[in-house]
Amino acid sequence: MKKKTMSLIAVALTAAMLAGCGNAGSNGSTGTTGGSDAPAAESKAADAAGDAQEEAQAPVSEGSGNFNEFGWEVPEETLVINILDAAGDYAPTESEKVGEANVIEYFKEKFNVEFNIQHISGDGTEAVNLALASGDYPDIIRYVPFTVMEKFVQMNKAVDLTPYMDTLGTNLKKSMGEHYPLFLDGDSKLWYVPSMMGSIDDFPDYSAHIRYDEWQGIGSPEIKTPDDFYNALNAILEKYPTTPNGESRYAISLYDSTSPVDLCGFWGLKSGYDIDDEGNFTYWAFTDAGKEMTKFLNRFYLDGTLDPDSFANNFEQWKTKFSNERVVGMLGSWWISYNAGHEVWQSLDPNMPEDKRFIQIGFKSEDADAAYLSAKNFLGSRCTIITDKAKDPEALLKFIDWQASELGQALTGWGIPNGTPIGDTGETGKFWDIDEEGNWSVDPEAKEQLITETWDYEAEHYWTGVPWLFVNQSRWDDGEHNIWPNQMWYSENKWKSMMLDNLSDTIFDSSAMSLRVKSDDIKMAEQAVKDAWQMNWSAAVQANSDAEFDAAWKQLQDALNVAGIDKLEEALAENYKTNMEKLGQ
Amino acid sequence: MVEGIKKKAGHCWKMFQKQRQLWLLCIPIIIWVVLFAYVPMYGLLIAFVDYIPGMSIFKCNFVGLKYFRDFVLSPVFLQLLRNTLAMSLLGLTFGFAAPILFALCLNELKEGWFKKTVQTTSYLPHFISWVVAGSMIFMLLSNEGIINDILMRLGLTEKAIPFLTEGKYYWVMYTLANIWKGMGWSSIIYLSAMSSMDSELMEAGAVDGMGRLGAVKHVILPTILPTIVVQWIIGIGGILNAGFEQHLVLGNTSTQAYWDVIDTYSYRYGIQLGYYSVGTAVGLMKSIIGVALVWATNWFCRKKLDTAIF
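Chains A and B, in that order, give the protein sequences.
Each residue of the first sequence is one higher than the last, beginning at 1 in our numbering.
Each residue of the second sequence is one higher than the last, beginning at 1001 in our numbering.
Treat the hints as calculated values from the structure; they're not laboratory data.
Any given hint could be a false lead.
Claimed, not checked - Going by beta-carbon spacing under 8 Å, a handful of chain A positions derived as facing chain B:
hint, residue
1, Gly122
2, Glu126
3, Gly217
4, Ser220
5, Pro221
6, Lys224
7, Phe311
8, Ser519
9, Ile522
Yeah, the Cβ is synthetic: ideal placement off N, Cα and C, and Gly gets one too.
Could you build all of it, start to finish, from the sequences and the hints given here?
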C-alpha cells in the first residue's frame, strides 16, 4: 500500500510538472506583458489568433468592393491583425484601457478588422529582441528600433514591402514623399514603414521657459542671449524668493532626462554637433559652444540658484517641485511647463489668473549663427514591420496603407468620431464628426476647448487608442490639420501664437543627420559615449572653481575619447554626406 | 581498479534499491533540475559565437573568447571591477556582520512583546521593493531631505550635504541601505541556529561565572559557527554580484562612476542593446569566478575551521 501510494505521488507530481511546462493556449483580445515575459505571452496571443487568421486573411487582399465612410474596403471575412507593440513601459490608466476596448469594438463593427494587441509593460526593445531570439512574435511589430528592425531583415523575418509600394502602398509612398529614398536600404528595398514619421515643421519642440507673470513683475526685460536669461531668472528669484507656502525657490532645475545634446542648441549646435561646411561633425564636448553651455549652468550652481538635486531628480520628483512653484525657469520640451505648470494650477484653482503660467522663449549665444532647438527628423526613429509570420502580408499592408490615407490618419490620431461615452459619466465626447458619405468636420466645441486650453485630455482617452502602425505628424495638404488635435489653429490661441513668435527661427530639419544603419562598433561606441558624458558632465556643471571646472572638462573629453567619439563623428559625417547626396543637396 | 569501480557501483545500486522510494519521490525534482537548470546551460555557447537573435547558435560565427577579451580590455573594466568589489566587500564585512550582531542582541532579550515587535519590525524593510525604498531614501537623503534638514537645524553643517549626487557617498549609502533592508531578514537564520543551542552549556557556564559576553564568545558563537561559515561561503561566491536594481533606483548620472557595476554594464550592453553574446560572456565569467571562489573558500574553511559545505 505504502509503495503504491509513493509511486502514485511520484507519478502525479511528474505529470503535474510536465503539464505546467505545456502551453495553456488561451488568450484575450489584448494583453500586457513584462519585458522578459513577452515572447511566452505573445506566443499565446499568436496561437490563439493564428487559427482565426489562417482562415480569415486569405481573401482580404483581393477586396470586396464594399467601402465604408473612411474609405476602407471592408473585407467579407474578418481581417485579424496581431500586433506586438514594442513601445514598452505600458501602464494604461483606466480610461486608456476603456479607450482601447472602444477602438477594438469600433474597428470590428465598422471595418471588420480585429486587433489583437500585445503591449509591453517593461523595456520594449528588450522584449522584441527576446521575441526575435525565441521566434515568438506576431504578424506585425510596431515601434521597433531601427537597429532591431535590421536584425529581423538580416534573419529574413521581415517582409520586403518594395514590390507592393506602387500598388498597395500608394498612400504610404505619397506620405513619405521626398524622403522615400531615405527609407530604402542599400539595395533600394523597403523593409518597414515608420511607426511615426514627419513633423510639424512650423511648431517648436524645445525651448526655454520662464514664469510669465513674474517676468512681467520684473519689467519684462528682453531675453535674447544666455546672459539675458540668466539675469531675468535671478531678478525674478530676487523679487520672489519663496513660494506662496514659504518654500525656497531655484532659478533653474534639471532632471534625469536633461541632456546637454539638447541644451547646446541655444549655443548654435545641431543635435549636439557642430557641422562644418564639408559635413564634418564635432561633438559638443569638443566645442567652445558646449563648454559655454556647461559654464552657463555652472554659473547657477556657483550662485546656489541651481536646484542642488538637479542630477538626482527623476521626472516625477522634478514635476512636484515645478508644480509647487519652486522653479523660476527651465530648459526643455514646450509641453512640460504646460503639463507641470498652469494645467496643474488651473485644475486646483479654476479662477487662477491667466498670466500665472510659463511661456516658451528662445535665446541664442552671441557667437552662434542661430539657436537650433527643435530638430525635426521627418524619418522618425521607430519602425513597423510585417513579419514572416503573416499569412497574408498584402492584406496587412493594405490596412497600413489605409491608415496612411487622410481619413486613416484622422481616425488614428483623433479617435472615434461622432461621440463616445466618457466612462460612467453619462456624457459623450469627440473631436470630430463624419457622415456615411465620408464628409467630415472638426467638432466646433472641441476646437473651441482646444483653442482656449480647456480641453479635457483625460476624457480624450475614451475615444482614442487606435494602434499607430503608420502615422505622419506633418500637416496635411490643407496646411491646417494634422494628427494632433492640440496642434492646430495656433493663430487663434494667444499662448501658442506667442510661442511661435518666440521660437519660429529655432526649428531645423535634422533628417539627413539621422544615422540609421550602424555597425556593431558604432552601436557600442554610441552607448559608451552616452555613458561617458553621463558619468562626467555633471562634475563640470557642479564644479566649485575654474580649476575644478577645467579638470572636470578635461576628464569628460578624455572619457569621450576613450569611448570612441571619433568613430561616431566619422560615421555621422559619412552618413550625413550620403543622405545629402540622396536628397540632391 | 575495475574491481574497485565494480564494488562502488554495486554499493551505489544497493543504496539505490534501499532508498528507491525516496528516489522515486525525487524524480520530479530531478527532472525539474535537468530541464530548467542544466538544459538551458547550452545557451552559454552564445558567449563564444557572434550571436544573432533568432538564428541557431550552431549557425552563428564562432568567435572564441572575443567577448571575454573585449570586456576585460574595455576601458571601463577596471572601474566596473573596482565598484563591484568595493560594494561587495563592504557587504561581506559590514553587511555580513550586521545580522549576526542583530541576532545576538535579539537573543539577549527576554521573550515578550518588545522582542517580538523588534523582530517583526526588522523584517519589514525586506518586503519593501527597491523602487519604494529608493523614494524613501530620496526623501531622507536629498539636498532638501530630512537628514540634511536635521543637520542644518542642529548647526552641524551650513550647506546641505549632497549624499545622492556625490559619488564618494554612494558606496556607504548603498551598504547602509542594504543593511537596513536585509539585516532583520538575514538574522532569522542565525536566530534559528541559536535556538538549537544546548541550554546545559549555558547553565554550566553560568555556574562557572561566565558573563553575557563570555556566553556569546564561548557558547553562542561556536554553536552558530557552521551557519556563519555556510553563509560566508555562499557570500564569497556572490562577490561579483554587487546589486543591480538598487543602482538603477538609487544611482544617477552624477554617481554613475561609482555605482556602475558588472551587472548594470552587462544589462546595458547585453540586454538593452541586444548583444546577448556580451551579456552571456560577462555572466559566464562571473559564474566561473564565483564557483572558483566558493571552492577555495570551502577548502579554506575546512582546513582552518573544520566546517564546510561540501
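We went through each hint and held it up to the structure:
Evaluation of the glycine 122 of chain A hint against chain B yields a violated restraint, the C-beta minimum of about 11 Å exceeding 8 Å. Hint status for glutamate 126 of chain A relative to chain B: holds, with the closest Cβ pair at about 5 Å, below 8 Å. The interface hint given for glycine 217 of chain A is violated, since its Cβ lies 25 Å from the closest Cβ of chain B, which is over the 8 Å cut-off. Restraint check, serine 220 of chain A versus chain B: the minimum CB separation of about 31 Å is more than 8 Å; hint violated.
Among the interface hints, the one on proline 221 of chain A is violated; its C-beta lies about 29 Å from the nearest C-beta in chain B, farther than the 8 Å criterion. Because the closest C-beta pair between lysine 224 of chain A and chain B is about 31 Å apart, greater than 8 Å, the hint is violated. Restraint check, phenylalanine 311 of chain A versus chain B: the minimum CB separation of about 4 Å is within 8 Å; hint holds. A distance limit of 8 Å between C-beta atoms decides the matter here; for serine 519 of chain A the minimum to chain B is near 13 Å, and the interface restraint is violated.
Contact between isoleucine 522 of chain A and chain B, as hinted, is not supported at the beta carbon level, the nearest pair being about 11 Å apart and thus beyond 8 Å.
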